[in-house]
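> Sequence lines, in order, name chains A and B. First residue of the first sequence? That's 1 in the working numbering, and the numbers climb one at a time after it. First residue of the second sequence? That's 1001 in the working numbering, and the numbers climb one at a time after it.
Because the hints were derived from the structure by calculation, they are not lab data. A couple of the hints might just be wrong.
Claimed, not checked - Within a straight-line C-alpha distance of at most 20 Å, the following computed EDC-like cross-link-like pairs (lysine to aspartate or glutamate) qualify:
#: 1; chain 1: B; residue 1: K1182; chain 2: A; residue 2: D14
#: 2; chain 1: A; residue 1: K174; chain 2: A; residue 2: E201
#: 3; chain 1: A; residue 1: K155; chain 2: A; residue 2: E76
#: 4; chain 1: B; residue 1: K1139; chain 2: B; residue 2: E1189
#: 5; chain 1: A; residue 1: K155; chain 2: A; residue 2: D191
#: 6; chain 1: A; residue 1: K155; chain 2: A; residue 2: E65
#: 7; chain 1: B; residue 1: K1182; chain 2: A; residue 2: E65
#: 8; chain 1: B; residue 1: K1139; chain 2: A; residue 2: E63
#: 9; chain 1: B; residue 1: K1182; chain 2: B; residue 2: E1136
#: 10; chain 1: A; residue 1: K174; chain 2: A; residue 2: E146
#: 11; chain 1: A; residue 1: K174; chain 2: A; residue 2: E159
#: 12; chain 1: B; residue 1: K1183; chain 2: A; residue 2: D173
#: 13; chain 1: B; residue 1: K1183; chain 2: A; residue 2: E15
#: 14; chain 1: B; residue 1: K1183; chain 2: B; residue 2: E1136
#: 15; chain 1: B; residue 1: K1139; chain 2: B; residue 2: D1057
#: 16; chain 1: A; residue 1: K174; chain 2: A; residue 2: D204
#: 17; chain 1: B; residue 1: K1183; chain 2: A; residue 2: E146
#: 18; chain 1: B; residue 1: K1183; chain 2: A; residue 2: E49
#: 19; chain 1: B; residue 1: K1139; chain 2: B; residue 2: E1164
#: 20; chain 1: A; residue 1: K155; chain 2: A; residue 2: D166
#: 21; chain 1: B; residue 1: K1182; chain 2: A; residue 2: E46
#: 22; chain 1: B; residue 1: K1139; chain 2: B; residue 2: E1186
#: 23; chain 1: B; residue 1: K1182; chain 2: A; residue 2: E15
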Amino acid sequence: MSGSMEDAERMRFDELAAAYALDALVGEERLWFEAYLAEHPELNAEVDELGSVADLLALAPVEQEPPPRLRRSVLEGVGAPREVVSESPPRRSRREGSPRRLLRPGMLAAAAAALVAVVGLLVWNFSLQDQNGDLREEIAERHAVEMQESGLASKSSGEVLLRGEDRAVLVADKLPPAPEGQVYETWIIRDGVPEPAGLFEPRDGDAATAVEGSVAGAQAVAVTVEPEGGSQMPTSDPILVAPLA
Amino acid sequence: MNMANRGQQYLFMADEDLMALVEGEDSGAFAGLYDRHSRAAYSLAYRMMGDRQAAEDLAQEAFLQVWRAARSYRADRGSVRTWILSIVHNRGIDQLRSAASRRRTQDRVEAVAITTQPSEAFAETWRNSQKVQVREALKVLPPEQLKVLELAYFSGYTHSEISELLDLPLGTVKGRMRLGLKKIREYFEDRGMAVPG
């Protein structure tokens, strides 16, 4: 192949790579792209990285609560014998099986390990309106980060009050009691990994609790509703989030 | 170990460990995975299908595929969540492209355009820090790039179809796709952050 033809083919590859990552190539173009990729395995990493970026779009939709019947249907469905499936997913095997070079597969395991250190965490359960007010005054001069509320806390207001470089206190108003058998759990999000940062329960709608652990370098402080006793990893979506980074 | 203790145990397990149990046909572990990721999966399905029943069907099919194909999951290739969402996405694209009734009209494009206005798309409360970061990253995109990415990713249009729908040269569509993904990647790199997986 002449140099100019090679250049032209590489240029075509570059033009199509993003469309391929978005699954926006079909037919002859897709076949050509995959054939070219097969001939140039050194380009796989580039394509996989673009795929990783495209995959982020899956996190963008507005949250929708799945109906309870969906859970029933899904779990009933797994009672059936498994079908024989190939190792490769049905379509676009590259995407579903693609390496995620920017990922750190051990992140969750690391978080779980970190959790061990937090088992038995001191639960700072300021169940008190008066103390809450005192606390607010005490740290009024500190930097406050407003929390974004949703779900159970959609009518609440929360703040994370940063104290010094690494300490923080979470205060919230109009927070309803956690559902029966559940509790609120605070998390420190660092490098995308949630670390347990204490359990709390509001009283009369007010809560003030120390964020257990250092928030230095953290991306966010979040609150979820967890089973009584807390969780190692969040089992529900955050209802309060304070972005710190 | 009784069922209650076993159920509690699942709550303390990492996704990858649950996947290993699902591979061994542990339905309790599968329920644990469902509880962690069903909201994100259903949200994506709803965004793609635009209809609750269709979203339910898609999410159900996807989770059943998770159960059946658990052994094809590779932890070294990405997070469980990314894998599950990719299954939802791929099945959704298949359905959108095979739907005979698929709308290819200008109002479809305009409807998408409306939802992509930053004031609309990002007004919802952010649910967690990763989603916050992703949505922040999308906010830096010019609307014309975001529209092209969304038409491709959520609506399943090919670059040629987007070119026709938006009455743009094909090269422009390709360029916007390329620049859009590049800007998202740069958003994370500029902040010294890994792309969430």
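> Out of the numbered hints, which ones does the structure contradict?
Checked against the structure, the hints that fail are numbers 3, 5, 7, 12, 15, 17, 19, 20, while the rest are satisfied.
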